[in-house]
Amino acid sequence: MLVDLYVRAFGWRVHADPRSSSRRLLWEIPTWRDVEVEVPLLSWLRMEGAAGDLTISTVNPGLVSPTCTRAPSLRRIIRKALSEEKRVSTKTSAADLVTETDHVVEALILQELQQRFPSHRELLTLEPDRWIPRFIAEEAAAAGAKCVLTPSPTWIVDPIDGTCNFVHRFPTVAVSIGFAVNQELEFGVIYHCTEERLYTGRRGRGAFCNGQRLRVSGETDLSKALVLTEIGPRRDPTTLKLFLSNMERLLRAGAHGVRVIGSSTLALCHLASGAADAYYQFGLHCWDLAAATVIIREAGGVVMDTSGGPLDLMSCRVVAAGTREMAVLIAQALQTINYGRDDER
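Going by the UniProt record's numbering, the letters in the sequence shown line up with residues 1 to 345, in that order.
Bear in mind the hints are in silico, worked out from the structure with no lab data behind them.
A quick note: this is a predicted structure, and the numbers were derived from the prediction, not measured.
Keep in mind that the hints are not guaranteed to be accurate.
Here are the simulated BS3-like pairs of lysine-lysine, each with C-alpha atoms no more than 27 Å apart in a straight line [as the list claims (entries may be wrong)]:
#, residue 1, residue 2
1, 146, 91
2, 241, 224
3, 241, 91
4, 91, 80
Label-pair restraints from in silico Cβ distances [unchecked claim]:
#, residue 1, residue 2, range
5, 182, 309, 18 to 24 Å
6, 261, 212, 18 to 24 Å
7, 307, 118, 26 to 32 Å
8, 204, 224, 26 to 32 Å
9, 324, 182, 20 to 26 Å
Ideal placement from N, C-alpha and C gives every residue a C-beta, glycine not left out.
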């Protein structure tokens, strides 16, 4: 399962420190010095290094090599379904699609995470009618589950990013999982299913693609920039007018081009790899952004709100760039499209 990618890609374990009355977490990394992170634990959290489809060099934590075991099952499921006819449903709009494969992949990921972290199976309540989720997942949210990011260790899952691409057999699709503690994003993995590219990021420890360190472009001049974006699910005249107007503003400012590839997570990975210089979007969700945010920041980039302020993971909007100068230029050019918030649905 994909959780094995985390374990092997980072080569670390997380467990509660029995010496600490506050149940401090020790993040054990074989080739790096231990980093102690204080977190309020409601239960002990433990990640063990079980066999997965990727192994990690004990010399270079970014060096990843394939060894095909359980994790490829997700790849096989998605790649097989990509070439087949699909049962397609809609969610918030006619362009917001979901297939049975989205549900299958999400269920497999959550099942594996729950098996590895038995204490995460339960939703904990602090007061009547207020539940704390340990998992935030796209299809569960579409079915009515709440999206609330709390200090508790939280997994943020997008089973298939690029579902419209997936439906049309366009091969730009990915699986994305992020992990947060104390409302801080700690690490993320994005797996490009058809090109077998594994993007990984660990806070303070760098970002990699298949073992190669990622680095953003460093471009500061909008007139030399390639900008990526996504349309978002709405197709009403007002939203489309604002979307096209934002593209026009950037092109009039001299940007080399504005591209839409149909997968926000992979577009953000292209930014992290230096293949693009900036990204913006209104209408994406926390599961589109969580893992990619860690990867971009660890590649040297900037992720922020479209207002120019700090990123709000639940705000359904983002600007990301290789440099702060570029991010500010993009943010200043945009007109806001209001998609509400993930934590208010």
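Next on the checklist: I'd like to know which numbered hints this structure contradicts. Please list them from smallest to largest.
Outcome noted: Of the numbered hints given earlier, the structure breaks just one, which is hint 7.
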